[in-house]
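Student: Sequence:
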Amino acid sequence: MRHYVRPEGSPPVNGYSHAVAFTGTTVAVSGQVPLDGSGRLVGENDAEAQVRQVFANLATALEAAGSGLAHVVKLTVYLTDLDDLPAFRRVRDELQDPDHPPASSLVQVAGLVSPDFRVEVDALAVAPDAPD
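Just so you know, we're using numbering that gives the first Met the number 0 here: the sequence shown kicks off at 0 and counts up by one.
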């Protein structure tokens, strides 16, 4: 992967790359929500707990496909409240290499599939260890 965090002439960034180039097997991960393995909501009214669960779910899906959080090339983040952005950034910044962040888009939405969900994240990644 090659990360173009801030190409000359690009505006400043906060935890993402303007572009990421890669080769290999592409993994598309559906939007992950703050439900645990039993389908229970994690972090009711707690944005940071919900973001942590979403990233845990992303990691689980990526691992199943022979990838991992370190191989994410693009995140799309859906927040119902932009006041949750600092919580999202805290968790994201703990889990990604600050020198090689993925490309990213952030969208504020009126709601998600459950009114209790504050965040949903989908991802594109490369799978260096994709199962046959």
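Rather than coming from a laboratory, the hints here were simulated on the basis of the structure. From the three backbone atoms N, C-alpha and C, an ideal C-beta is built for every residue, glycine too. Just to be clear, a hint being listed does not mean it is correct.
Pair ranges (Cβ atoms, derived) [stated by the list, open to error]:
(1) P114 to S29: 34 to 44 angstroms
(2) L40 to P6: 18 to 28 angstroms
(3) T22 to A109: 11 to 21 angstroms
(4) G36 to P6: 36 to 46 angstroms
(5) S29 to P127: 15 to 25 angstroms
(6) R39 to E7: 46 to 56 angstroms
(7) G38 to L84: 25 to 35 angstroms
(8) D45 to L105: 27 to 37 angstroms
(9) L40 to R1: 16 to 26 angstroms
(10) A20 to R88: 19 to 29 angstroms
(11) G8 to G36: 23 to 33 angstroms
(12) P114 to E47: 36 to 46 angstroms
Student: Against each hint, give a clear statement of whether it holds in the structure.
Tutor: Going through the hints against the structure:
no.	hint	verdict
1	P114 to S29: 34 to 44 angstroms	20 angstroms, violated
2	L40 to P6: 18 to 28 angstroms	40 angstroms, violated
3	T22 to A109: 11 to 21 angstroms	38 angstroms, violated
4	G36 to P6: 36 to 46 angstroms	40 angstroms, holds
5	S29 to P127: 15 to 25 angstroms	21 angstroms, holds
6	R39 to E7: 46 to 56 angstroms	47 angstroms, holds
7	G38 to L84: 25 to 35 angstroms	27 angstroms, holds
8	D45 to L105: 27 to 37 angstroms	20 angstroms, violated
9	L40 to R1: 16 to 26 angstroms	38 angstroms, violated
10	A20 to R88: 19 to 29 angstroms	24 angstroms, holds
11	G8 to G36: 23 to 33 angstroms	45 angstroms, violated
12	P114 to E47: 36 to 46 angstroms	19 angstroms, violated
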